[in-house]
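Could you put together the complete structure from these sequences and hints?
Each chain is listed here by its residues.
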Amino acid sequence: MNLTLKIWRQAGPQAKGSMETYQVTDISEDMSFLEMLDVLNEDLTERGEEPVAFDSDCREGICGMCGLMISGHAHGPEVTTTCQLHMRSFRDGETITIEPWRADAFPVIKDLVVDRSSFDRIIQAGGFISANTGAAPEAHSVPVPKPLADRAFESAACIGCGACVAACPNASGMLFMGAKITHLGSLPQGQPERWARVQNMVATHDAEGFGGCTNIGECSAACPKEIPLDVISTLNSDLRKSRSQRH
Amino acid sequence: MTDLIQGLYSEGEKIADTKAPAGPIDKKWTQRKFDAKLVNPANRRKLDVIVVGTGLAGGAGAATLGEAGYNVKAFCYQDSPRRAHSIAAQGGINAAKNYKGDGDSIHRLFYDTVKGGDYRSRETNVYRLAEVSADIIDQCVAQGVPFAREYGGLLDNRSFGGVQVSRTFYARGQTGQQLLIGAYQALERQIAAGTVEMFTRHEMLEVIVVDGKARGIIARDMVTGEIETHLADAVVLASGGYGNVFFLSTNAMGCNVTAAWRAHRKGAYFGNPCYTQIHPTCIPQHGDKQSKLTLMSESLRNDGRIWVPKRAEDCDKDPRQIPEEDRDYYLERIYPSFGNLVPRDIASRQAKNMCDEGRGVGPAVVELQEDGSEREVRRGVYLDFAEAISRMGKDAVSAKYGNLFDMYERITGDNPYETPMRIYPAVHYTMGGLWVDYDLQSSIPGLFVTGEANFSDHGANRLGASALMQGLADGYFVMPNTIRNYLADGPFDKLDESHPAVQEARQSVESRVERFLTMGGTRSADSYHKELGRIMWEYCGMERTEEGLKKAIGMIRDLREDFWTNLRVPGQGRELNQSLEKAGRVADFLELGELMCIDALHRRESCGGHFRAESQTEDGEALRHDDEFAYVAAWEFAGDGDGRMSAPVLHKEDLVYEFIELKQRSYK
Amino acid sequence: MKISMALAGLLFVFYVLMHMYGNLKLLFGQKAFDDYAHHLRTLGEPILPYSGFLWLFRLLLITALLVHVGFALHLWSKANRARSSRYVVKKAVAATVSSKMMRWGGIALLLFLVFHLIHFTILKPNFNSGETVVEGSPYSLVVAAFKLWWVVAIYLLAMIALGMHLHHGVWSAAQTLGLTQTAKSRATAKALGVLVALVVAVGFAIPPLAILFKIVGN
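Chains as they are written, first to last, in this note's numbering: chain W, 1 to 247; chain Y, 1001 to 1668; chain H, 2001 to 2218.
Do not take every clue at face value.
Across the chosen pairs, the derived CB separations fall in these ranges [stated by the list, open to error]:
| no. | chain 1 | residue 1 | chain 2 | residue 2 | range |
| --- | --- | --- | --- | --- | --- |
| 1 | Y | N1566 | W | D26 | 47 to 55 Å |
| 2 | W | A135 | Y | A1488 | 43 to 51 Å |
| 3 | Y | A1488 | W | P13 | 42 to 50 Å |
| 4 | W | P13 | H | R2081 | 13 to 21 Å |
I should point out that these hints are in silico values taken from the structure, not numbers from a laboratory.
The beta-carbon is built from N, C-alpha and C at its ideal position, and this holds for glycine as well.
Right, dumping it as structure tokens:
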């Protein structure tokens, strides 16, 4: 198939960007979206132009490195990561708009590449269980009820891609944060730091310039791992309870 | 040193590991931890350690060193340590917990791993791996890793290829992700505590060696393009494997050999570079614009049955129309006791054999034959769940493998509940890597190598669910205990950036970058990478021959020469430049590829993932030659000039088996 | 902060339900409605002075309004700062019309509130020259007003806006208060949002329509 691509080009963090139009031809529908961009870049390199910078690494939908706004949808029209989106989801002759995640907490570095280190800093604020190497008790000493273990697992499936922020009309990071709060807060091991964790993470989230949540639900709909909205409710509940806890 | 052998390499002095203490094998690690010198807590913060790579081995290592109080600098090329490719491991992690009471023990895990590696690994290292495996599970559970649990709240286990006990801990199909996130969170905690300074989007381009000791690295900030010098008392490489030398592999796009190769060029020996693992259950290639291959967990082999049609003329039929009696469940037929659960190398090679015989399935692709002719071959075999669905029900199959089935359908557009999956082997893991001793120290003092980047624990073939085990064992438990023996002699002499060795390292990086940008040729780095990959896959892939390898060496040399004259790298150095990053990585792969072929050529036996067509039993199984090749091949870089690498020097480390009897491997 | 906003919002939900209930008394004739209005002013007597309860409640409502609107504006400006450069193309997948209309709808409701207070509480202008309003009878004031089609139209539009605001607001408050931690409770909260929205909008719409179509108030 042949496609028209409108791609955001921005030379650097301070540069002014703009949408540029490109054509790609002979695209097979078995190709992934990023392989289609590889073809464009190979073409641009051959013509002596600078290829489009975009992030990707594992290309199997788990590392969370890729992430593009494709015709207004975070990660494109399917519920998956950009790297797992295949060209059979598009029509021959279609015009596709490709933009970076847009949020002030995710500043653009170049073209479609953004800086998501704000997510790391939210984790640094408390998204962990303090357990020094070698100090762990025998794994079977604390049984975990299966429903709790399952909920922890579902929340832990977050890949930190940032699609929730990108899709949120408020550019809020609550789904990302709620997933971590729920993951660690569901487990017995996560209880000692539970209340401090939620307060510190929320404070860092707000300081990083993310927006507030208004419970619209775009985040969960865009999430390639289908993290449900109820992790945000859990976060809210923990935040409320944390005020009356000693920690 | 000997004269040139086959015109390709020479042989130097033998080497040996001197760090593993004498005594019974189950006491060695305790003894070594006791013997290793201590560093008092107040001195630790005066000691700088650089960790390159933040996957399971590097992330766990950096976090643990940070907790201990060392002054750590960690580097990764991704935008966050959470992206490292350890995250993609699906199946699980082995540990000798014997929670199932099925006769597992440290010794059995040790034995299985040595046997699985086809008796080409070092006994002492493997025993230690099995010994610390149980601690890893404890550590991960304490960190909040959500392993699968039973209704009673205890941890669940499953069995994995190549063994007969259930010792694999898992978190649905995302075990690697969950373990990595655990290590990542431990690392972020140390970053917040100020013990670890993190450098994301940084690529290590050179190691600094001063007076024979590793004292730092040169790295490029991939956002600003600035070349930076980082000095330290010790350097840990945890930079992963080099499977991307094949271009198409299950590795991430960014996985590369540069950190390890730069260290090799500075004096670190490269161990067993030809040992690569080809994973049997990957999704077949769909076209020539493909950028990577996708693996599906080997756990699929627990319930799926692998087959091809008995007759070549059935190969283009709808598989559901082929009656039972016309199907060849070849693994069950050839290996009745292990069946579909034979080790990866065997499952892969048999799939290749079936396709070579003309009984492969899926679209036929044109292939270049060794004699230069072309023929059409179908590269795929069926992995069929029809029997499992009728036995367990569709819901049970979906609960166990649903995410893998979804992934398959997303990539191929076929529904595996309806028609059998098509699979084909793909490059997955490299058992070879920088040579290290029992302390995980390379042949450069002060340079430690952990995880997939070292050669140490898997011999010639890695068993399923052992990579995660090794990465975390090295990172959490081994390296932090052995590096202190080295650091106890520090802090070493204060270094200045103006030191000639530091300057030399920095200038070599700067001039290389400059050369890439000014070469002004016509071809992209990617196009060279693809061509190299095709050569490697054809001649140094699942089956290797003397003739093919010699041819490949010539082809790689020609390609490398063309690369250095005809490469085009658009853009500037002082900015984010992904073309420049690729160019550097491909340049190193082009050198590594040659060494891999030389290693494969010199090892005139078949073992594990290394199958030499000249060395097989009558029924086509790998035939080892223990009398001649029971050694680790550690290669020393011998310099280069005029675009040619000088013949490398081979150092043999004899493998001595004191506790396990050397046997021809059998899974029949 | 958002918890206060949610609590203030829920206070309004309670208030509009009571208000609606009172309005429905209109259907039972002048006496029922006027007695109700009078009773509101004598509630709590003699401990409280005449209209004392009403003023206390109004004070509470004004505070809640300030909190609710204040935090809403804060969230709005925070969202604008969090995405200072906009998408060229952006499509909504999960957002309901109600959720997208929260901010502009909220402003519309605020404007309506000002109008409504002037209309029935502060100045009480009589737009209808054809009817006389009896002093001290809210019933006659209301009946006079809703005999005009355009007044009814303004109120009906406002009730649609209020319904939509409540539709998203009730669910959103439940989520913010952390009451929706399972898929089931999430569905319940969303259903409750729809229910409250419908009850309030329809309940408020009945008296004006009944007057306009001359079912009551003749």
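Structure-based check of all given hints:
no.: 1; hint: Y:N1566 / W:D26: 47 to 55 Å; verdict: violated, 25 Å
no.: 2; hint: W:A135 / Y:A1488: 43 to 51 Å; verdict: violated, 22 Å
no.: 3; hint: Y:A1488 / W:P13: 42 to 50 Å; verdict: holds, 44 Å
no.: 4; hint: W:P13 / H:R2081: 13 to 21 Å; verdict: holds, 18 Å
The earlier numbered hints that this structure contradicts are 1, 2.
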